[in-house]
Amino acid sequence: MMPKKDYLLLDEDNTVAVIVKGIDRDVERGEDVLMLGLATVMLSSTFAPIAPPFVLLPMVAMVLAFSASYARINYHNMQRKLLKSIEHLDSYDRVIIKPIAAVFVERPMCPLTESFNPLKNRRRTWKSALGGLLINPFWMPIFYFMGMQIQEEKNLSVLNQAIIRVEQKISFM
Numbered sequence: 057m058m059p060k061k062d063y064l065l066l067d068e069d070n071t072v073a074v075i076v077k078g079i080d081r082d083v084e085r086g087e088d089v090l091m092l093g094l095a096t097v098m099l100s101s102t103f104a105p106i107a108p109p110f111v112l113l114p115m116v117a118m119v120l121a122f123s124a125s126y127a128r129i130n131y132h133n134m135q136r137k138l139l140k141s142i143e144h145l146d147s148y149d150r151v152i153i154k155p156i157a158a159v160f161v162e163r164p165m166c167p168l169t170e171s172f173n174p175l176k177n178r179r180r181t182w183k184s185a186l187g188g189l190l191i192n193p194f195w196m197p198i199f200y201f202m203g204m205q206i207q208e209e210k211n212l213s214v215l216n217q218a219i220i221r222v223e224q225k226i227s228f229m
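So the sequence shown is numbered by my numbering: it starts at 57 and just counts up by one.
Everything labelled a hint here was simulated from the structure, so no lab data went into it.
The reader is advised that the hints may include incorrect statements.
[Stated by the list, open to error] Mimicking BS3-like on lysine-lysine, the simulated pairs with C-alpha atoms at most 25 Å apart in a straight line are:
id : residue 1 : residue 2
1  : K77       : K183
2  : K154      : K176
3  : K176      : K61
[Said to hold, decoys possible] What follows is a set of in silico ranges between Cβ atoms, one per label pair, in the way DEER data are often shown:
id : residue 1 : residue 2 : range
4  : R221      : L189      : 24 to 30 Å
5  : K210      : F122      : 26 to 32 Å
6  : K154      : L112      : 20 to 26 Å
7  : L139      : I106      : 44 to 50 Å
8  : R85       : P167      : 16 to 22 Å
9  : F110      : S213      : 19 to 25 Å
10 : R163      : N192      : 28 to 34 Å
11 : L186      : K225      : 55 to 61 Å
From the three backbone atoms N, C-alpha and C, an ideal C-beta is built for every residue, glycine too.
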């Protein structure tokens with residue numbers, strides 16, 4: 057099955073509502089993936105009697121990396137699909153969607169290659185190294201990917217607030 061390139065459906069009359077509903081669904085999917093990664097990390101202590109720390113802690117870091125990576129890819133796909141959908145709207149509908157599009161302009165996300173590079177994220181690297189020194193060196197990658205996770209949650213939260221504002225405008229129309 058080919059992934060959709062935009063949020064529009066051919067048989068819908070209210071295209072703004074369809075776009076908002078589609079992007080809201082994608083934001084929920086990103087939040088669910090981030091919550092699944094966080095829940096998996098929180099439940100990792102149940103595996104402590106079975107797995108030693110040198111096995112368990114890298115696995116926790118990998119789970120955080122996968123969930124943050126999926127959320128970032130989802131964020132970029134939402135941006136791409138929204139821009140593709142806006143091309144088909146008239147000027148009045150573009151004004152309604154503008155707060156959602158403004159979030160992508162105000163809070164651009166760097167590509168994953170840049171986000172995984174510790175030399176380009178010196179502040180996050182420093183914080184994770186400090187946390188690793190205070191707790192355990194095996195926790196350094198966990199703290200690093202937790203920083204990625206927090207950044208993704210902030211962006212999805214801002215995007216969700218913009219969607220709520222647009223939904224309120226649409227409901228009054």
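Structure-based check of all given hints:
no.: 1; hint: K77 <-> K183; result: violated, 38 Å
no.: 2; hint: K154 <-> K176; result: violated, 31 Å
no.: 3; hint: K176 <-> K61; result: violated, 31 Å
no.: 4; hint: R221 <-> L189: 24 to 30 Å; result: violated, 43 Å
no.: 5; hint: K210 <-> F122: 26 to 32 Å; result: violated, 19 Å
no.: 6; hint: K154 <-> L112: 20 to 26 Å; result: violated, 46 Å
no.: 7; hint: L139 <-> I106: 44 to 50 Å; result: holds, 47 Å
no.: 8; hint: R85 <-> P167: 16 to 22 Å; result: holds, 20 Å
no.: 9; hint: F110 <-> S213: 19 to 25 Å; result: violated, 34 Å
no.: 10; hint: R163 <-> N192: 28 to 34 Å; result: holds, 33 Å
no.: 11; hint: L186 <-> K225: 55 to 61 Å; result: violated, 44 Å
Hint compliance for this structure: hints 1, 2, 3, 4, 5, 6, 9, 11 are not met, and every other hint is.
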